[in-house]
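Which chain is which? The protein sequence lines are A and B, in order. Under the working numbering, the first residue of the first sequence is numbered 1, with each subsequent residue one higher. Under the working numbering, the first residue of the second sequence is numbered 1, with each subsequent residue one higher.
Heads up, a few of these hints could be off.
What the hints assert, rightly or not - In silico DSBU-like pairs for lysine-lysine, Cα to Cα no more than 30 Å straight-line:
id, chain 1, residue 1, chain 2, residue 2
1, B, Lys42, A, Lys41
2, B, Lys79, B, Lys57
3, A, Lys66, B, Lys42
4, B, Lys57, A, Lys20
These are calculated hints, taken from the structure and not from any lab test. No experiment lies behind these values; they were computed from the predicted model shown.
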Amino acid sequence: GAVVSQHPSRVICKSGTSVKIECRSLDFQATTMFWYRQFPKQSLMLMATSNEGSKATYEQGVEKDKFLINHASLTLSTLTVTSAHPEDSSFYICSARVRGRLIATNEKLFFGSGTQLSVL
Amino acid sequence: EDQVTQSPEALRLQEGESSSLNCSYTVSGLRGLFWYRQDPGKGPEFLFTLYSAGEEKEKERLKATLTKKESFLHITAPKPEDSATYLCAVQARFGGSGNTGKLIFGQGTTLQVKP
Chain A
1 GAVVSQHPSR VICKSGTSVK IECRSLDFQA TTMFWYRQFP KQSLMLMATS
51 NEGSKATYEQ GVEKDKFLIN HASLTLSTLT VTSAHPEDSS FYICSARVRG
101 RLIATNEKLF FGSGTQLSVL
Chain B
1 EDQVTQSPEA LRLQEGESSS LNCSYTVSGL RGLFWYRQDP GKGPEFLFTL
51 YSAGEEKEKE RLKATLTKKE SFLHITAPKP EDSATYLCAV QARFGGSGNT
101 GKLIFGQGTT LQVKP
């Protein structure tokens, strides 16, 4: 299947700094990418949906100014956690939808390996 | 509101002891129900997609079934390597999630298979 590469896999930062997470579709073009966060022993919670070339759509309760999403090309989306605080520590996962595929074939929604963010 | 509930939260089995995981859902028109496997510190790995009540799919020791209100993931004669968290997710036919491919996840069932 298609590969979604997420980088870095783990990051530790000081409170107040910004962290950028990259999500790349390696062998396909992704018109839509999704960003999730997951707390320990909890489910994946959708943060935002990003479409190439347009502004991201954020879920209710997710701060747009804190979690900046850029989807500048069909193979790259980035999530920047600005002015990170300890409560932002979480596991962040991206997923990508293959361009041109029908929604019904959602098995073409591939996930990255995740980024564990720890804010000290 | 679309919602997914999985049970049990955790399940411990002996190797070879078959069991089932449950995923109950409420959704405004089901477009698809998905099962994923997630290992610690990793992203979800796709297992199955089910689209309509009565549908069944199998892969090795796993079999997924679907009704109008719930889905089951049956594990036959599990092995220690089947230990993981199993996630269920739904995609609604109408509304925002149906237009973008958004998945709504359950909280998962953590399976531990002891040798």
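Hint check:
Of the supplied pair hints, the one linking Lys42(B) and Lys41(A) holds, its CA atoms being roughly 13 Å apart against a limit of 30 Å. Of the supplied pair hints, the one linking Lys79(B) and Lys57(B) holds, its CA atoms being roughly 19 Å apart against a limit of 30 Å. At roughly 24 Å between alpha-carbon atoms, Lys66(A) and Lys42(B) fall within 30 Å of each other, so this suggested pair holds. Distance restraint check for Lys57(B) and Lys20(A): the Cα-Cα separation of roughly 39 Å exceeds the 30 Å cut-off, and the hinted pair is therefore not satisfied.
The structure does not agree with numbered hint 4 stated previously, though it agrees with all others.
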